[in-house]
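Enquirer: Same order as they appear, the protein sequences are chains H and E. Going left to right, the first sequence walks through residues 925 to 1453 as my numbering numbers them. Going left to right, the second sequence walks through residues 925 to 1453 as my numbering numbers them.
Do not rely on the hints blindly, as some may be mistaken.
Said to hold, decoys possible - Cβ-Cβ distance ranges computed for the label pairs, FRET-style:
| hint | chain 1 | residue 1 | chain 2 | residue 2 | range |
| --- | --- | --- | --- | --- | --- |
| 1 | H | I1291 | E | H1078 | 56 to 62 Å |
| 2 | E | G1109 | H | S1290 | 41 to 47 Å |
| 3 | H | E1041 | E | A1295 | 28 to 34 Å |
| 4 | H | S1290 | E | S1112 | 26 to 32 Å |
| 5 | H | E1373 | E | E1027 | 27 to 33 Å |
In case anyone wonders, no lab produced these hints; they're calculated from the structure. Glycine is no exception: its CB is placed at the ideal position from the N, C-alpha and C atoms.
Number of protein chains: 2
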Amino acid sequence: MSSKPSDSPSLPPIVEPTTRRSFMLGALSAGGALALRSSLAQGAVSGGPNGASPLPGGLDPKLFALHSRVPLTLETLRSSFGMGVVTPVSRFFVRNNLPMPTEQIVADPETWTLEVEGVRAARSMTLAELKTLGVATLSTVIQCSGNGRAFFEHGPSGSPWQVGASGCAIWTGLPVRLLIEALGGPVSRARFLTGTGGEKLPEGIDPLDLMVERSVPLEKGLLDCLLAWEMNGEPLPLTHGGPLRLIVPGYYGCNQIKYIRKLACTAQESPAKIQQTGYRMRPVGHTASPEQPSLWRMPVTSWLQGPNGQDAPLAPGRVILHGVAFSGERRIDRIEFSQDDGKSWREADWIGPEIGSGAWQQFTVSIDLPAGRHRLVTRATDAAGDTQPAERIENERGYGNTAWTDLALAVVVGQANQRSKKPVAAPDLSQSAPPPQTAAPIDLSPQGEAGQALFLEAEPSCGACHSLAATGSQGTLGPNLDQLKPDEARIIGALNQGVGVMPSYRERLSPEQIRDLARFVVEATAKKP
Amino acid sequence: MSSKPSDSPSLPPIVEPTTRRSFMLGALSAGGALALRSSLAQGAVSGGPNGASPLPGGLDPKLFALHSRVPLTLETLRSSFGMGVVTPVSRFFVRNNLPMPTEQIVADPETWTLEVEGVRAARSMTLAELKTLGVATLSTVIQCSGNGRAFFEHGPSGSPWQVGASGCAIWTGLPVRLLIEALGGPVSRARFLTGTGGEKLPEGIDPLDLMVERSVPLEKGLLDCLLAWEMNGEPLPLTHGGPLRLIVPGYYGCNQIKYIRKLACTAQESPAKIQQTGYRMRPVGHTASPEQPSLWRMPVTSWLQGPNGQDAPLAPGRVILHGVAFSGERRIDRIEFSQDDGKSWREADWIGPEIGSGAWQQFTVSIDLPAGRHRLVTRATDAAGDTQPAERIENERGYGNTAWTDLALAVVVGQANQRSKKPVAAPDLSQSAPPPQTAAPIDLSPQGEAGQALFLEAEPSCGACHSLAATGSQGTLGPNLDQLKPDEARIIGALNQGVGVMPSYRERLSPEQIRDLARFVVEATAKKP
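Given only the sequences and the hints, what does the whole structure look like? Please build it.
Expert: This is the structure:
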């Protein structure tokens, strides 16, 4: 299944770690970087030998940024997320601490064997046996601790994730509680649930330095943890830890042990480096220590995804953006968005079913965006009253970034005359960076300003049928207003009586609104040479 | 995207219709048929040219039964369903009334155009424009009206679905209500919402005979219908109606218009044959009539899926089975199962999140099964108090089968010593029935072989109108060729001059091609008893 990625010339190039500074610089002179990403995506389309995808599991390289090939690290592009609440396997980020085991381990999943220790009747069990003990299905976000790392300024090591190291899935498996109970319960003094991954470790290195073995509080393990063999209704694929993975709902991804081969109730946290000193909130410049807080429960966060899940350019006018909000083990109470960097906030609209407290909830923001660059931020508050902060908690490894200032979405809305199917700048729209430069403003009278909003907000929107550069409208059903340059009387007449297929707006707008709208069109088109 | 299926030896053979009687017999002496299915699945693994899947959309042939190639009709195997509530696109059944449009229409979805009629401001809108008017996300089961047809004894025409013409997905799109409101509301006297599919209709045939155009009550359309462009968080694929499909939550699949190109508020139901006389509960032996009830809302039903979603053998002892229950527009109140054909019932256990009243709810049944054959049935009751019946409603076309006696799951549990990794009998566990009887291979002359490809590739495809077992075609507009057994002269005459609604192929095929095609039909039908 997996080809040798390093031999494959058509793989997307590795995205180099970027500090916030270089990222911003890049954004200011974005042409080059964007052209690169664009050519990268085109390169990816051609695929590997025989047109097959060069990524494991048949994943489409166009949907991801590749941070490293070994171990495989794929970030879901901000524009690849849909609005369906559940992130499909085909769009789910991939993060591995070590090279993956071979596909052979998922070819015959039923014979996969799990050692269960730290229980009164310790033994090993095949997956086929585990399936006879019970089953549950739950939804949870899985997110890398380093999601949002790209925005730290001190250049922490690790994949420079933006927001795409996160996904929400439905998991099916055996509740850990039922397994532990079936084997007589935990030994006394057990305080942690410790899972060990099935990766093959290289010889000659102390296993504790490399092995993927993590501990969570035993109380959590018995509350809602799952040994999962299914993801989104399919047998768990190798890229996501198949044939068997530990799911710790609401906790960071490092705890969700893939290819799990041992599960133990233990008195202490794992002695492995990944537990003792890895994945902890370590102050910048400090050395790692087991006293620093472990990356367990995920705090409240939210962000907007790429516009419409498409890499098509955004047309000026009304746009509906969508985003996600979640908080480990808690429901979300409120989600707000701001167009002025947090000076003022409005509530967003929920969308889609709520599928559990571990899952994310999706929301939409419906706004009018003229041509230019825009920066949009969101802020979530969870059921316990925690609100997403404006500033990140600085830490050496760049973990746990929930700062709404960092997770902002930058949207570039094109000029009407820039319209093309696949513009060079398209991928820009999907990424949260670029500091907006605005289009040359038009001088409008107060009456014209009032009319400007109506141009797009009238139902049906004028821009749906007419092109008008000042609003970025590109409708082609009716005349191009920049060319027609109609006078005020003509516009008012058309609005009152309708013309051809154009309906009358007499019952949709007041006489004053009709005058404002006509004034705006006159002023907007008069400015055109 | 789609290869030429007729060239692909690895496609699964077509599943023949089975009556209830042959089904029971088959279940009792299942070995042969099962060995066949097993080798079939192994054959499918090898795939098409370059190892690519021979099915459109990259679908895995091992997960489906192929009922017809043109139009494409794929049934999800009972063992292919997972427990994740949402059926992934990779496992979702496919049913088309006509050959699908080309993949080109989903390559640039934003420019897809929908005509909206029967509103005060009728106009056409691109998908990009529709996306600015609003968005919603909902879950619903989509199910073919003929799901369960295989169990009718009178041998109704159409695909012999067992239980796999059903799936539950999350759909994202524009609420129809918002679209209609934006265009000024319905014209007066409108009582129906009528959607028209974008399939290309062959020339020379009355469009009303073939077009996919269906009507539902306008009240329903304004309540919760959706113009969907996303399925399970991915852009809607062509196989499921992309770029745009009408979703009518809780209604049968025939109403969920794919590739929708026109949506209209109408005073009458569509004059198309598919609405006037198709998809109605017609008594056996009667002719079709618009007075017969239309296949709209789906009544309460439930069934058990294949054990564990795996094709591994069932070991004797404790087993956890899973199933689905749903009722159009209603929640499910109770789900029971019985091991003694309904003499006694026990409640099953719910599993997984509830994701809306249109979705199905999943349940599990935990039982001890000794070696041998078992028959398990389930019975659902919805929030309005309707309970799934024991007996089906007999009807000419085999629609709406919710009888729990028919939808029973047959489980074969092996002896302990029979357990092996890939036993011959494994696929039996996943199927509640079917002794697929295979079509005997056909010996074709070189001329007949040349004609075989033409049968499906001619425009319009012969298979779109005619049934022919040798090609898996199930068209019903023209005579069934297996029954008609036309001689060569008759076929050549019909191809040259046309017959009734059948167009002439004189300008579409060369004289040599017409002779090849005729030769093929003679050879293919001569072999049938």
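Enquirer: Now tell me, hint by hint, if it's right for this structure.
Expert: These are the hints, each one checked on the structure:
no. : hint                           : result
1   : H/I1291 to E/H1078: 56 to 62 Å : holds (58 Å)
2   : E/G1109 to H/S1290: 41 to 47 Å : violated (21 Å)
3   : H/E1041 to E/A1295: 28 to 34 Å : holds (33 Å)
4   : H/S1290 to E/S1112: 26 to 32 Å : holds (30 Å)
5   : H/E1373 to E/E1027: 27 to 33 Å : violated (46 Å)
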